[in-house]
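Build the full structure now, drawing on both the sequences and the hints.
Each residue of the sequence shown is one higher than the last, beginning at 1 in my numbering.
If you're looking for bench data, these hints aren't it; they were derived computationally from the structure.
Computed from a predicted structure; not experimentally measured.
All C-beta atoms in this analysis are idealised placements derived from N, C-alpha and C, irrespective of residue type, glycine included.
A few of these clues could be false.
Said to hold, decoys possible - Between beta-carbon pairs, the in silico distance windows are: (1) Tyr57 / Gln154: 35 to 43 Å; (2) Ala54 / Gly133: 30 to 38 Å; (3) Gly145 / Lys183: 31 to 39 Å; (4) Thr58 / Arg87: 45 to 53 Å.
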Amino acid sequence: MSSPVAASARRRLAGRQAETVDGLLDAAVVEVTESGFDGLTVRGVARRAGVSPATAYTYFASKEHLLTEVFWRRISQLEPPATDRRRTAAERVGESVRGIAMLVADEPELAAGVTTALLAHDPDVEALRTQIGAAVTARIAAALGERPEPGVLQALTFTLFGSLIAAGVGNIGYHELPAIMTKTTALMTGRRK
Numbered sequence: 001m002s003s004p005v006a007a008s009a010r011r012r013l014a015g016r017q018a019e020t021v022d023g024l025l026d027a028a029v030v031e032v033t034e035s036g037f038d039g040l041t042v043r044g045v046a047r048r049a050g051v052s053p054a055t056a057y058t059y060f061a062s063k064e065h066l067l068t069e070v071f072w073r074r075i076s077q078l079e080p081p082a083t084d085r086r087r088t089a090a091e092r093v094g095e096s097v098r099g100i101a102m103l104v105a106d107e108p109e110l111a112a113g114v115t116t117a118l119l120a121h122d123p124d125v126e127a128l129r130t131q132i133g134a135a136v137t138a139r140i141a142a143a144l145g146e147r148p149e150p151g152v153l154q155a156l157t158f159t160l161f162g163s164l165i166a167a168g169v170g171n172i173g174y175h176e177l178p179a180i181m182t183k184t185t186a187l188m189t190g191r192r193k
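Below, the structure is given as structure tokens:
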């Protein structure tokens with residue numbers, strides 16, 4: 001099993017190793033789409049990617065690790081949120097989370113799989129979950145403006161993650177998240193700018 005340090009080192013892969021990892025991640029998306037989270041296996045992903053299971057396990061300790069890496073990569077590729085100061089903080093927060101909300105919106109099996117994967121007690125998943133949390137918090141903080149109140153920032157981050165879980169299990173639609181975050185921010189900040 002790989003460690004959080006190994007997870008971070010994966011970022012520095014180049015050449016054939018990077019191509020192998022990219023192939024495994026692409027194969028994981030196809031596999032979970034076709035078989036759902038319960039049918040997803042690292043062996044199946046390896047087969048689809050054209051590598052041995054041992055090679056797949058060199059990079060990914062579990063199916064949860066694979067799907068969390070897929071989600072992390074999608075988050076890390078998002079454009080920074082626009083911070084139009086003519087809009088209210090609530091509007092800016094709603095807009096800043098739109099990209100996150102839509103990352104898996106059109107892929108219900110992947111969304112459900114990522115929701116489950118993110119909750120795993122796996123050191124590699126925990127390390128990625130920390131990175132995802134930091135990236136999400138940074139987006140919300142940028143939208144709030146300079147020196148956001150820490151309690152509000154934390155509460156909004158928790159609200160977003162709770163909303164993502166609710167969307168991942170089908171209780172709300174991903175398209176509803178920006179409006180939820182806009183309304184919640186307005187309630188928490190009690191101010192328009």
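Against the structure, the hints come out as follows:
1. Tyr57 / Gln154: 35 to 43 Å: holds, 36 Å
2. Ala54 / Gly133: 30 to 38 Å: Given about 31 Å between the Cβ atoms, the range holds.
3. Gly145 / Lys183: 31 to 39 Å: violated, 18 Å
4. Thr58 / Arg87: 45 to 53 Å: holds, 47 Å
This entry does not satisfy hint 3, going by the numbered hints stated previously; all others are met.
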